[in-house]
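Visitor: Keeping their order, the protein sequence lines are chains A and B.
Per our numbering, the first sequence starts with residue 1, numbered consecutively.
Per our numbering, the second sequence starts with residue 1, numbered consecutively.
Simulated from the structure, these hints should not be mistaken for laboratory data.
Computed from a prediction, not measured in an experiment: that's the story for all the values here.
All clues given are correct.
Label pairs and their in silico Cβ distance ranges: (1) B:G187 x A:Q281: 43 to 49 Å; (2) A:S217 x B:E186: 19 to 25 Å; (3) B:E220 x A:R91: 42 to 48 Å.
Anything over 12 Å on all C-beta distances counts as not near chain A; from chain B, calculated: (4) D95; (5) R193; (6) I211; (7) A227; (8) R235.
Cβ coordinates follow ideal geometry from the N, Cα and C atoms, glycine included.
Number of protein chains: 2
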Amino acid sequence: MLDVRTAARLMRDLDDRIPGAIERLKALYAHTGRAFIIGITGNPGAGKSTVVDGLIDFYRKAQKRVGVVAVDPTSPFSGGAILGDRIRMQRHATDDGVFIRSLATRGHMGGLSRSTADVVAVLDAMGFDVVLVETVGVGQDEVAIVSQAHTAVVVTVPGLGDEIQAIKAGILEIADVLVVNKCDREGADRTVRDLVGMLELRPAGAPDVEIVRMVASRGEGISELAAAIDRHHTRMVGSADELARERRRVEAQLRELLQERLVSAAERALLAQGGLSALAQAVAERRTDPYTAADEVAAAVLR
Amino acid sequence: MLDVRTAARLMRDLDDRIPGAIERLKALYAHTGRAFIIGITGNPGAGKSTVVDGLIDFYRKAQKRVGVVAVDPTSPFSGGAILGDRIRMQRHATDDGVFIRSLATRGHMGGLSRSTADVVAVLDAMGFDVVLVETVGVGQDEVAIVSQAHTAVVVTVPGLGDEIQAIKAGILEIADVLVVNKCDREGADRTVRDLVGMLELRPAGAPDVEIVRMVASRGEGISELAAAIDRHHTRMVGSADELARERRRVEAQLRELLQERLVSAAERALLAQGGLSALAQAVAERRTDPYTAADEVAAAVLR
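Okay, chain A solo, but in the shape it has when bound (with noise of 0.2 Å):
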């Protein structure tokens, strides 16, 4: 198993792209597939980290060594990871059996699913028996990564607009879990009317998802989360939906590490002519266009 210390520093070598680091994280691949991998998104605002914290805490006391990956917005003011380190870590910081780790959204686009699983695959072969996978935007790629987990947890709050309503559409289709959180403020029982309502308008035969109430800054609800989360887990064990979305999940993953392999090769091919952005500037100025353009280097670099 792998300890702390050798972690943390495979970790920020994959961060800083250091040569030979993917080559450890090959190496301990075999380790993983043990961890239970549990996503948590939602709005912003619905007290996700609150949620998060509660969990952590309810596993370390079912004696569960827990990692979490909180996947952050970068900001250049703040120096990105905004959110998990700075809050929470203090609390748990003298408690071994956790682990957070924060990750900015660093780099171009699909990057950040790629650092997520990465990182998520330490986390499983230093022995976590619960890795929290928390990203705190709402878009494409966090409702990606949230959906990878082995069990997906959406979270919203009473009384937001029609806008987040729409949201809530988009990515009620990932939750395996529903949380109304802050259920003391006015309005709860419509949300969860609400959310029956748009679970019903889904096709026949459409999987169970439970929704629960919580006060996670009063610790309400909690224990109903993570009771609601394992009987998700146990209906999934084994099933075809689990193998499935194992699969679904892996293509993902390999669907990106080609994207990075096969673009880096381009670019390399291209160095040799003044790079992308020389071929950028020639688009710019309506030279060629982008689709003739990415057609030219695509023939250029596949066999």
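Starting from the known structure of chain A, arrange chain B on it as the hints suggest.
Guide: Coordinates of chain B only, in the frame set by chain A:
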């Protein structure tokens, strides 16, 4: 100039990946580069749609033709394209100086940004003076999309929690103009003060970012916003910043097109061995690891 009927068909064919659609897009690329592209993003519930609606009215009164791309999350229940068409189309349906197109997040990651670029190119070639690109989510992809506009507007509202502050920090870096909407709410002064504070944390020499107070639902602040957008645009036109941004925009587009072409080629090359899903199965069973698998596929398809 592209007429509405031809353009609408082209957009539909691009969506459906009809062969030949991309050839038509290539042909009209030389006629692009004239529209002024304004990106609008911000916290869910901040009233972006109302701001966009106000801008449509403003530019129409100034005799400008306005194209709108609403980038929405897909819901399998609603069939996607939730906000744009349904709510706003009706009001502007009889105005042929307005063309609204909703884009749902279908397919895997990154595709959204590519589709947006395609639709913007079509609207540009149709001769629209202004193209408004609005995103519903606030994830990495959505931020990337909006940051590629000529002028990026970020909309927020008073009285959001700490988590929102973090997201705000993440998207603040792309804002050319900041809007504090719903300024009739309590806490507006504090929100403006917070934003000023965050802007002051930027390195010396960072570009000016105006903050506009609005109550978009009452039309308050729309002309001030349009003026701030215009001042930013005027500062940019012909500047080194503008050229750099255009090159970045095209580079991002080229990278996406390359990803799509190269990964498709890799998937085709894998077909004889059962495709990407057979490889995913091998990884899921830990017969290989994803990094080695991706390396091998890349080696097989690259020259």
